[in-house]
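6 protein chains.
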Amino acid sequence: MTQTRPSARQPDQMRPVSFERHYTRHAEGSVLVSFGHTRVLCTASVDDRSPPWLRGTGEGWVTAEYSMLPRATHTRSAREVVKGAPGGRTHEIQRLIGRALRAVVDRRALGERQIILDCDVLQADGGTRTAAITGAYVALVDATRKMLKNKMIAKDPIHGQVAAVSVGIWKSIPVLDLDYAEDSDCETDMNVVLNDGMGFIELQGTAEGHAFRQDELDVMLTLARKGATELHAAQREALSRD
Amino acid sequence: MTQTRPSARQPDQMRPVSFERHYTRHAEGSVLVSFGHTRVLCTASVDDRSPPWLRGTGEGWVTAEYSMLPRATHTRSAREVVKGAPGGRTHEIQRLIGRALRAVVDRRALGERQIILDCDVLQADGGTRTAAITGAYVALVDATRKMLKNKMIAKDPIHGQVAAVSVGIWKSIPVLDLDYAEDSDCETDMNVVLNDGMGFIELQGTAEGHAFRQDELDVMLTLARKGATELHAAQREALSRD
Amino acid sequence: MTQTRPSARQPDQMRPVSFERHYTRHAEGSVLVSFGHTRVLCTASVDDRSPPWLRGTGEGWVTAEYSMLPRATHTRSAREVVKGAPGGRTHEIQRLIGRALRAVVDRRALGERQIILDCDVLQADGGTRTAAITGAYVALVDATRKMLKNKMIAKDPIHGQVAAVSVGIWKSIPVLDLDYAEDSDCETDMNVVLNDGMGFIELQGTAEGHAFRQDELDVMLTLARKGATELHAAQREALSRD
Amino acid sequence: MTQTRPSARQPDQMRPVSFERHYTRHAEGSVLVSFGHTRVLCTASVDDRSPPWLRGTGEGWVTAEYSMLPRATHTRSAREVVKGAPGGRTHEIQRLIGRALRAVVDRRALGERQIILDCDVLQADGGTRTAAITGAYVALVDATRKMLKNKMIAKDPIHGQVAAVSVGIWKSIPVLDLDYAEDSDCETDMNVVLNDGMGFIELQGTAEGHAFRQDELDVMLTLARKGATELHAAQREALSRD
Amino acid sequence: MTQTRPSARQPDQMRPVSFERHYTRHAEGSVLVSFGHTRVLCTASVDDRSPPWLRGTGEGWVTAEYSMLPRATHTRSAREVVKGAPGGRTHEIQRLIGRALRAVVDRRALGERQIILDCDVLQADGGTRTAAITGAYVALVDATRKMLKNKMIAKDPIHGQVAAVSVGIWKSIPVLDLDYAEDSDCETDMNVVLNDGMGFIELQGTAEGHAFRQDELDVMLTLARKGATELHAAQREALSRD
Amino acid sequence: MTQTRPSARQPDQMRPVSFERHYTRHAEGSVLVSFGHTRVLCTASVDDRSPPWLRGTGEGWVTAEYSMLPRATHTRSAREVVKGAPGGRTHEIQRLIGRALRAVVDRRALGERQIILDCDVLQADGGTRTAAITGAYVALVDATRKMLKNKMIAKDPIHGQVAAVSVGIWKSIPVLDLDYAEDSDCETDMNVVLNDGMGFIELQGTAEGHAFRQDELDVMLTLARKGATELHAAQREALSRD
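Protein chains in written order, with this note's numbering: chain A, 6 to 247; chain B, 6 to 247; chain C, 6 to 247; chain D, 6 to 247; chain E, 6 to 247; chain F, 6 to 247.
Keep in mind that the hints are not guaranteed to be accurate.
Pairs involving identical chains hold if they fit within one copy or between any two copies, as the list cannot separate such chains.
Derived pair list, reagent style DSBU-like, types lysine-lysine, alpha-carbon separation capped at 35 Å [as the list claims (entries may be wrong)]:
no.: 1; residue 1: 231; residue 2: 160
no.: 2; residue 1: 88; residue 2: 231
no.: 3; residue 1: 176; residue 2: 160
no.: 4; residue 1: 151; residue 2: 231
no.: 5; residue 1: 231; residue 2: 176
no.: 6; residue 1: 88; residue 2: 156
no.: 7; residue 1: 154; residue 2: 88
no.: 8; residue 1: 231; residue 2: 154
Keep in mind the hints are simulated off the structure, nothing from the lab. Remember, predicted model here, so these are calculated numbers, not experimental data.
Turn these sequences into a full structure, and let the hints guide you.
In structure tokens form, the structure reads like this:
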């Protein structure tokens, strides 16, 4: 008999997802994204200076920074500034967010500018990086709309839609969108970044317990496509308002 | 003729103040405090280990950390972790918050524990340190109530109430609770931390333009007392709910 | 007509692979692994102290550190110590190596010890992380053999075999084991860590150009299995000598 | 009956104050200031480059750095360089010194130059920051006199006089100029920076024990004015020599 | 009766010395130097930018960096990047290597370029700094030959030959070229850098046990000249090949 | 005809040397040493904890830290704390001072304690490291006298006398005790640490211009012995007072 997920969800059921746009006043894009109890504030800031290695190329850049507030988690974690440098996990996640978002941006249309996506986790319950990518996309679109409106750029630099979701194998059951309780106890954990043509932008799977087989991979990727399709729809719905 | 404040407030009028308790799930105390557009998330985390220099004394400690999200401000500021260490302003503010809150805590009643007050500015519009102190007080009370309820401590360690407010001289007018526009343009800026007996816990005044006189100081302190009285009432009201 | 790879290899052809065991004298395991011109010195050091979080659990740990000599590359890169901290790429790679090797280790059989795998790239020509994982496995086996011989441990802690290989899509052709010239110019790049049961331990794919489709993924994973099979055979051959 | 201060001074009595000008050879201004046993070497260095944010504005800058020699204190303190960064207290003090001195400088008359005030405590016995401000003023005047003499500047940029003094409440007695023994044991500690028109430039009061009342504040400020008047006279006397 | 050295060598006998040129592919000069079991990879990298302080002078620079792989030694040492900064010993050695090599370089003939000598110890058995200097000379010559061949420079900038050797007093016997066992147990340790005219470029002697006398110094310097003569011959032989 | 030294001294003439003992109040030993215009404050602090690697051995340690005040020099140098870490030169000098002083200390007689010698340069005019060693010796003796008097130790741990002096070749003339003007312009610079039996404790010679010959070395060492003899006498004289 199959076990019930701690969250009581069906194996292929996402947590409730919401986007609160214009969450803060100053950023060009500012979105509070929630995947269940996971809440990430994603802001998009337009910077007139592109990074040094792009000067004179006519191309822009999109980069991301990721951080958790100290008490976003069950027990308080020390601020990274106190330790003097971002840890390995932080580096890995912000590099992933940056790559994912650059995959849908025409960097030439941006001009020599940089958009910085700050993803700050206010509350963590698993899936912070997938929520961050999914929310940062909405913040990025808001920022580019503002740039178009202000005639800062002439052409929409966003040429696709991107969302991310986690899948895994929990107690031998392939499941979609793991929360913290499930993630702590799963055998395989995979983060999948998909565009709206169901093309893979990034695939990162790790066997925590036993190595996973090709057939398990296939089931997980089917779940990931289902989740991403729902997230793409939710993003479009959020962006259609106001 | 007197000039009108950018915020159109009366010289002795505070911005709307609100406290959203239980803003996040994991912290023992978690309060989103707003002073107008300034919004600071204050969490209180109970740590079973007191700092090394208090081991064996039977006394506890209360400390604070303060940070701004990169895009809390009009233009994005680099994260301090990227620079490798907190800046001077951050150190100054978090030391101030810690001192202010310790002034109303019976550290012996805490036992050998530490309460860490994290004050993270989500949106800045002037007065972030006064909002942080005022909000951290509410988070601290929530945390100590939980400790009492859980029998972690036997006696309420909070023996007073504390709030902070800024006053200043703007275009020769003494004003209460400066927002960013007023603060950028004022001649004197003073942060006042007051307990509910109207005793001064901390007084920090800086002449930005001309040096201020004793009579100007007296008017500013009268305004500060008015503001603190309102803040103390708002704290009590917030803490009386649920 | 299909294009020829810069290396003139067939799409499914690995570079020549070799393992030089006992390359240095002091380490418990010391292997110079070559994947073509890529040369990585992998040493395994046994440390009697396990990491703090494992004290008292009876379990050991396997961790990895990765670095490039400054002139391993075409142009010299600054040492990370000069910048003050390892960069994001270094963190990502050393975390990957550690996870990959831990997947084949019975940490209880190690006892409360740590094995540190240092992977230092002497010469880089693409695929340094896959060479590092593949070579570190051989160094790890040498170290555990020495521990068994010295009666430091009673039971062989290695319960599987692990190797890593890169696959990618270069000019629309799925190819195996990308060298630097191919990697710089490919559309998709995937690192696959496989055990000797052809189970996936880690899968990390990134679309550099267009997003990749499920059918492209399938072809790449078939190539990865072919490469890993050859690497596992080469590891066994190397370990059968002496 | 009133208690006697550890220093056997009257409540309103300063320690002996002295200024040794031209204490070292190389700096444009170099003053060893003593407040009793507290001895601070204050040097003023003229730097032809103003800070980046002032380039092109025609204005100069005055900044301060503060440090204690490791054995300036009763027990040796580790050098801050060993810890990697200046601590919070150091930041706070050097920011205070800089603000205090800028309050009497016409930054336009300086031109695009920077004067750096280094305040290094050779021996500490309480009141190092007030001694530093008071001594740095003398070093600053010496440096600007040299600039005028060398025709580097045409107009005297010093438009006022500044000195700092501590006041506090020790065993319920308001006292002037606390030494280390008194400071360690006082209920309220306040640093006051005053110009020669008795205007407040900075006011920083902290209740260490009970919160202080308005009437206590008033007495302390009266003491501060007395002390500052004496310090201004001593500065003028020192600057009238040679 | 005289004691036998741990290495069974005569007091005036060097360890076998060898130079493996072109050890790696990318560097302009790349030499693996061995002094017995001590093996150091020395690469010379040509950088088109000279250091800031030489811009506009027409002169170039030669600098060195030195590092040990973590397991070059009997027990593993932590990477310096993990500690955040190179240690004192590293600084001292790389400054020594740089000075020694600059002594035989016509910096004007280099033009405004920098040659960086990276000396990475793969295996340590005493004398790593003397091996590094001796090997770096060969790498430097290879790099300047390539620059001459490529017409990057018109005139050979190398105007002398340099080698380094250690001497010491072990169990009262003056000995040449100490290995690790001898170095750990010696009374005096001296590193001598000599040019091919037997002129001293650097002399660094330290009494570990008793202070050494003038007559002991004289014997040690005679040994050093013998060793350096052999090293100069070996360098010339290596550079005469290919 | 021979040239006259910038200081107008004879080639074998030292600058005036003085020791001001008890220069500051708190340290167990505190000496302001002057070699002409070079002034270094040397304090000796007794620390009850020996370094970790000596715990349980019954032996103590002597270590040194060296720093320059920012404006000890002609132009201001940035504080090392601002750069985040001590530079290579600082490391080299403080390691040298520590080794020199340990050479005359019976570490067993110290017990498991550490004496920290802080050498802070108030004013620099060449020879700061030789002045530091020579002055630190006097501070160290003062500290051990206090330890003997307080019965902290039973036996005098100082078993010799140590002083340091620089020699060099300036305009082809061997000279003693170089000041800044001479040092900046010399061909060879050598620091010699000698005990009172004229044994060498440390010898560090660097050819800045041409390599130096054995006969030049011999003359320089004769000068060094003359200088050290005078310094030893001056130390004894200073220590005989009070």
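Results of checking the hints against the structure:
In the homo-oligomer, the alpha carbons of residue 231 and residue 160 lie at most 35 Å apart inside one protomer (31 Å), although the nearest pairing across protomers, at 45 Å, exceeds that limit. Taking CA atoms no more than 35 Å apart as the test, residue 88 paired with residue 231 passes in neither setting, with 40 Å inside one copy and 41 Å between copies. When the C-alpha separation of residue 176 and residue 160 is checked against a cutoff of 35 Å, the pair qualifies only between copies, where the shortest distance is 29 Å, while the shortest distance within a copy is 48 Å. Proximity of residue 151 and residue 231 under a CA criterion of 35 Å is satisfied intra-copy only: 31 Å inside one chain copy versus 42 Å between copies.
Taking identical chains as interchangeable, the C-alpha atoms of residue 231 and residue 176 lie at most 35 Å apart whether they share a chain (21 Å) or sit on different chains (30 Å). Proximity of residue 88 to residue 156 under the C-alpha cut-off of 35 Å is restricted to the inter-copy arrangement: shortest distance 33 Å between copies versus 42 Å within a copy. In this homomeric assembly, residue 154 and residue 88 come within 35 Å of each other (Cα to Cα) only across copies, at 34 Å, whereas the closest approach inside a single copy is 42 Å. Proximity of residue 231 and residue 154 under a CA criterion of 35 Å is satisfied intra-copy only: 34 Å inside one chain copy versus 45 Å between copies.
Violated hint for the displayed structure: number 2, the only one.
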